[in-house]
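Number of protein chains: 2
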Amino acid sequence: MPQGQPESVPDDGLTTRQRRNRALVMVHTGDGKGKSTAAFGMALRAWNQGWPIGVFQFVKSAKWKIGEEEAFKTLGELHETQGIGGPIEWHKMGSGWSWSRKAGAEADHAADAAEGWVEIKRRLHAETHRFYVLDEFTYPINWGWIDIDDVVETLANRPGSQHVVMTGRRADPKLAAIADLVTEMGKVKHPMDAGQKGQRGIEW
Amino acid sequence: MPQGQPESVPDDGLTTRQRRNRALVMVHTGDGKGKSTAAFGMALRAWNQGWPIGVFQFVKSAKWKIGEEEAFKTLGELHETQGIGGPIEWHKMGSGWSWSRKAGAEADHAADAAEGWVEIKRRLHAETHRFYVLDEFTYPINWGWIDIDDVVETLANRPGSQHVVMTGRRADPKLAAIADLVTEMGKVKHPMDAGQKGQRGIEW
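Chain order of the listed sequences is A and B. First residue of the first sequence? That's 1 in our numbering, and the numbers climb one at a time after it. First residue of the second sequence? That's 1001 in our numbering, and the numbers climb one at a time after it.
One chain only, chain A, in its complex shape:
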């Protein structure tokens, strides 16, 4: 997209430079494809800036989206070994988060999701990362596993310069209200409508 000019200049007491560098809350929602892939595409830019990145995937299966994960792990290793780009932490809910996985424990997705949010909240307070991807985050919110008001308050009052991008269908209007950027990915046409299943390299 062209960088363009803003349509209006707000009376918020900020200089253009301060406003330009204000950290953003972003939401990718809608029924179409591209919500998560666009979030990971943005993370490439963040990596190239050398920013610490934290990815938190609220998915039930550890098999999902392995393509991005592998690519970013490779990029994260480049940071560690050669100092190129930024450091990357990649956490996937699956059957429990990596930081607390208990062998043989029964999966409790509601508890896992709540635990994931507590960890993200802790990191936002500590300014652990500069760019956060909360992938498929709208679902645990919509299922009542994570309190939307807590999310809104935490994001609105996060310290420092931390960008947060969230993905998932049916984003809560409260989330959209505090977001700086909301994109609705609309499904116009999808291969599954024509009887095609997902395939490697495209869906994962």
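Source of the hints: derived by calculation from the structure; they are not laboratory data. Certain hints may be false.
As the list claims (entries may be wrong) - Coverage of chain A stretches by chain B, computed from C-beta distances (three or more under 8 Å per stretch; other residues unrestricted):
no.	segment
1	34–46
2	71–78
3	109–123
As the list claims (entries may be wrong) - Take a look, some chain B residues computed to stay more than 10 Å from chain A by CB distance:
no.	residue
4	A1107
5	W1143
6	D1149
7	L1181
By construction, the Cβ of each residue, glycine as well, lies at the ideal position given by its N, Cα and C atoms.
Once you have looked at the hints, place chain B on chain A.
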């Protein structure tokens, strides 16, 4: 997005496996953010599969989207030096394409765009890549610099297994008609509406 089940199974004489691996034509359009970033996010999956990737950016300025370009160049080097992932070719129109840039020549964007398409067409015939990103490709089509009927015919009849994703606003209906997947990125809210300009790590 969950992998899910197709809504219907077409009577096209293909097995599920054949249908699953059918190469796709994809279009990311609409006025919202995320068209290109989602295309590059998909390219991460293709890279992880070891597929040869060709990126062709129909942009006028060489400064755009430098974040993705740097990240993919790094990934491409990993392929060359360590055999990880797939090979990447990244071409940007800017003031003439890399394969034909003439020092001191006046920029002729219409001729450059047409030349870019001729090269892509040649590569599609030769099956040079397995995953193509034609970034901002709708503009030279809409401006009449590239013939839409030629694009449609070439894509519909491309040999082998070559995925093609195209981005840009106002995709021609003929393009959408032959596409397997069309996503409309709708702008719900954008920081520029609130007087904020683009910033590093987010817009580039």
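Here is what the structure says about each hint:
no. : hint    : verdict
1   : 34–46   : holds (count 12)
2   : 71–78   : holds (count 5)
3   : 109–123 : violated (count 0)
4   : A1107   : 17 Å, holds
5   : W1143   : 14 Å, holds
6   : D1149   : 20 Å, holds
7   : L1181   : 6 Å, violated
Of the numbered hints given earlier, the model fails hints 3 and 7; all others are met.
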